[in-house]
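Novice: Protein sequences, first through last, are from chains E and Y. Numbering-wise (the numbering used here), the first sequence opens with residue 680 and increments by one. Numbering-wise (the numbering used here), the second sequence opens with residue 142 and increments by one.
A few of these clues could be false.
[What the hints assert, rightly or not] In silico PhoX-like cross-links for lysine-lysine, where the CA-CA straight-line distance does not exceed 25 Å:
no.: 1; chain 1: E; residue 1: K764; chain 2: E; residue 2: K753
no.: 2; chain 1: E; residue 1: K770; chain 2: Y; residue 2: K250
no.: 3; chain 1: Y; residue 1: K289; chain 2: Y; residue 2: K232
no.: 4; chain 1: Y; residue 1: K174; chain 2: E; residue 2: K800
no.: 5; chain 1: Y; residue 1: K174; chain 2: E; residue 2: K809
no.: 6; chain 1: E; residue 1: K753; chain 2: E; residue 2: K770
no.: 7; chain 1: E; residue 1: K712; chain 2: Y; residue 2: K274
no.: 8; chain 1: E; residue 1: K809; chain 2: E; residue 2: K712
no.: 9; chain 1: E; residue 1: K716; chain 2: Y; residue 2: K243
no.: 10; chain 1: Y; residue 1: K226; chain 2: E; residue 2: K764
no.: 11; chain 1: E; residue 1: K764; chain 2: Y; residue 2: K250
[To be verified] Output of the computed footprint for chain Y on chain E, the stretches with three or more beta carbons under 8 Å from beta carbons of chain Y:
no.: 12; segment: 768-782
no.: 13; segment: 786-798
no.: 14; segment: 806-814
no.: 15; segment: 817-823
The set of hints was computed from the structure by calculation and includes no laboratory data. Note that the structure is predicted; figures quoted are calculated from it, not measured. Note that the Cβ used here is the ideal one computed from N, Cα and C, for glycine as well.
This is what each chain is made of:
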Amino acid sequence: METRMTSKPVDILLVEDNKGDVGLIEEVFESSKVRNKLYVVEDGEEAVLFLLRKGQFSDAPRPGIILLDLNLPKKDGREVLGEIKEDKDLKNIPVVVLTTSRAEEDVLESYNRHANAYITKPVDFDQFIKVIKSIENFWLEVVNLS
Amino acid sequence: MQTKVAAKPIEILLVEDSEGDVGLIEEVFEEAKIRNNLHVVEDGEEAILFLRGEKQFSGISRPDIILLDLNLPKKDGREVLEEIKEDDELKNIPVVVLTTSKAEEDILKSYNLHANAYVTKPVDFDQFIRVIKSIEDFWLEVVKLPSK
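Make the full structure from the sequences, and use the hints.
Specialist: Next comes the structure, spelled out in structure tokens:
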């Protein structure tokens with residue numbers, strides 16, 4: 680894989696309310712060849728505050744990529760996606776939707792709102808890990824982030 | 142990997158004028174576990190005709206994903222990207238920019254135009270193959286593509 684010669688780690692924002700999933704995702708990214716820092720927020724309101732650097736997130740970095748669950752407390756992930764992609768400063772941050780939903784309408788609506796990719800979380804543990812590793816490989820090792 | 146029980150093969154549009162690169166990309170997608178058809182056009186004008194099903198492309202099915210070079214004859218890939226992402230019917234098709242350019246301004250502009258991902262083609266042969274395999278793995282086996 681092309682080595683990414685970054686002077687800084689890749690900052691990743693994970694918007695996920697399921698603690699079990701958070702733990703697994705953290706483990707995969709910790710073992711990445713590419714230096715990265717994973718920030719976790721658990722609901723849609725905190726996601727927006729983080730990205731706008733408001734409140735307790737005034738020192739938050741601008742993430743290089745966002746992993747976004749759709750079904751979130753307080754503010755739905757679908758709304759968060761819409762807000763990110765309509766914001767002229769935030770819209771160029773890749774958003775990978777990572778959700779239990781397989782509904783075709785969620786898939787279509789997410790892409791129509793310019794989600795960069797849509798992934799349904801596998802129920803099977805091994806497949807879940809493989810999927811997170813594929814995300815890590817593609818987005819940290821292959822892709823150029825802005 | 143989750144087995145995708147696809148009723149139909151995944152239709153991929155490759156917009157690429159380098160015949161060498163086309164050959165390598167074809168080989169990788171031929172070996173993919175997921176059934177797919179790779180359609181190739183060599184310039185930006187043909188890309189648009191293909192996507193609109195016009196002229197020699199009438200009746201062609203809409204691709205499920207597009208791999209798009211930026212530096213293309215006739216119509217630049219950056220213009221093609223913009224047209225796709227401004228079209229209500231086409232904008233939900235994932236576009237992976239696959240280009241020799243590493244320029245920060247190309248990367249930023251592509252993401253601002255809603256390119257789904259930006260990949261710089263490695264010069265090294267083995268790395269090139271690996272990158273194409275990563276694209277195939279992520280976009281055909283992991284991601285859910287929008288249905289038509």
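Novice: Look at each hint and say if it fits the structure.
Specialist: Verification of the supplied hints:
no.: 1; hint: E/K764 / E/K753; result: 19 Å, holds
no.: 2; hint: E/K770 / Y/K250; result: 11 Å, holds
no.: 3; hint: Y/K289 / Y/K232; result: 12 Å, holds
no.: 4; hint: Y/K174 / E/K800; result: 20 Å, holds
no.: 5; hint: Y/K174 / E/K809; result: 16 Å, holds
no.: 6; hint: E/K753 / E/K770; result: 22 Å, holds
no.: 7; hint: E/K712 / Y/K274; result: 18 Å, holds
no.: 8; hint: E/K809 / E/K712; result: 16 Å, holds
no.: 9; hint: E/K716 / Y/K243; result: 24 Å, holds
no.: 10; hint: Y/K226 / E/K764; result: 13 Å, holds
no.: 11; hint: E/K764 / Y/K250; result: 14 Å, holds
no.: 12; hint: 768-782; result: holds (count 5)
no.: 13; hint: 786-798; result: holds (count 9)
no.: 14; hint: 806-814; result: holds (count 5)
no.: 15; hint: 817-823; result: holds (count 6)
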